[in-house]
Structures are given as C-alpha cells and as structure tokens.
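Generate the whole structure from the sequences, applying the supplied hints.
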Amino acid sequence: MLYILHLLVFSFGFSHVVVEKSCITLYDVQVFAQLLQAPQEEADSIIKERFPVPRLVVCDQYGSQARFLLAKLNPSVTYDSDHPPPPGGDMIFTDDASFQVFMEHLQRLAVQ
1 MLYILHLLVF SFGFSHVVVE KSCITLYDVQ VFAQLLQAPQ EEADSIIKER
51 FPVPRLVVCD QYGSQARFLL AKLNPSVTYD SDHPPPPGGD MIFTDDASFQ
101 VFMEHLQRLA VQ
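Residue 59 in UniProt numbering sits at position 59 of the sequence shown, with consecutive numbering throughout.
Please note that the accuracy of each hint is not assured.
Quick list of simulated restraints, FRET-style, between CB atoms [stated by the list, open to error]: (1) Leu109 / Glu49: 35 to 45 Å; (2) Ser64 / Val31: 25 to 35 Å; (3) Gln34 / Leu109: 44 to 54 Å; (4) Ala110 / Phe32: 44 to 54 Å.
Read the hints as simulated data drawn from the structure, not as lab findings.
Ideal Cβ positions, reconstructed from N, Cα and C, are used throughout, including at glycine.
Next up, the structure:
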C-alpha cells in the first residue's frame with residue numbers, strides 16, 4: 001500500500017520570473033501555460049486515486065511553502081557544518097544528519 005502524506009508541485013527559477021515579467025509572446029504564453037498546468041493536472045489525478053487523500057502543496061522557489069520540499073531534502077550543508085553551500089545551492093537549516101554523517105556513523109558502529 002502506498003501512503004503519500006504530501007503531494008508537492010514546485011515551480012522554480014525561470015518559470016516564476018517569466019510569469020511575473022510577462023516577457024513572452026501570446027503563443028509562447030499558451031504553450032508555457034500548458035507546461036505549467038501539466039504538473040497540477042497530474043497532481044489532481046493522483047489525489048483522486050489515493051486514500052487517504054494527500055495534502056496538495058503548490059509552491060514557488062523561495063516562497064513560504066517551499067519549506068515542505070526543503071525540510072525533506074538530504075541536507076549536505078547544515079547550520080553546524082563548516083562547508084559553504086555549493087554554487088547556486090541553498091543552505092538548508094535542519095537538525096537532521098546529512099547522508100554522509102549517517103554513513104560515517106554506521107561505519108563506526110559496524111567496526112565496533
């Protein structure tokens with residue numbers, strides 16, 4: 001049985017800017033609107049098939065709802081690490097351990 005508690009439709013970077021700036025032609029708007037609508041339609045079809053019904057979260061990059069995505073990612077850079085985020089990357093503030101820290105801990109436990 002498949003349980004999905006949150007279903008996330010995330011738009012990022014370029015798509016958000018194009019919609020705000022309106023810098024494309026009418027034909028491009030129609031094609032682009034279809035591309036933006038496709039994930040929403042897919043999410044709607046998934047919601048109709050699932051029970052219990054998952055919560056639909058629609059968010060933009062750097063928007064307030066983006067925390068639903070960022071909270072579930074594998075944080076390789078956290079608030080207590082000495083490494084800066086990768087170029088173009090974001091710092092994810094979480095108390096979760098990164099995959100690398102998790103694997104190092106498992107290796108230490110296996111060796112003991």
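For each hint, the structure was consulted:
In this structure the supplied range 35 to 45 Å holds for Leu109 paired with Glu49, their Cβ-Cβ distance being about 40 Å. Roughly 29 Å separates the CB atoms of Ser64 and Val31, a value that falls within the hinted 25 to 35 Å. Between Gln34 and Leu109 the beta carbon distance is about 51 Å. The supplied range of 44 to 54 Å therefore holds. The hinted range of 44 to 54 Å is satisfied by Ala110 and Phe32, whose Cβ atoms lie roughly 51 Å apart.
Violated hints are absent here; each numbered hint is respected by the structure.
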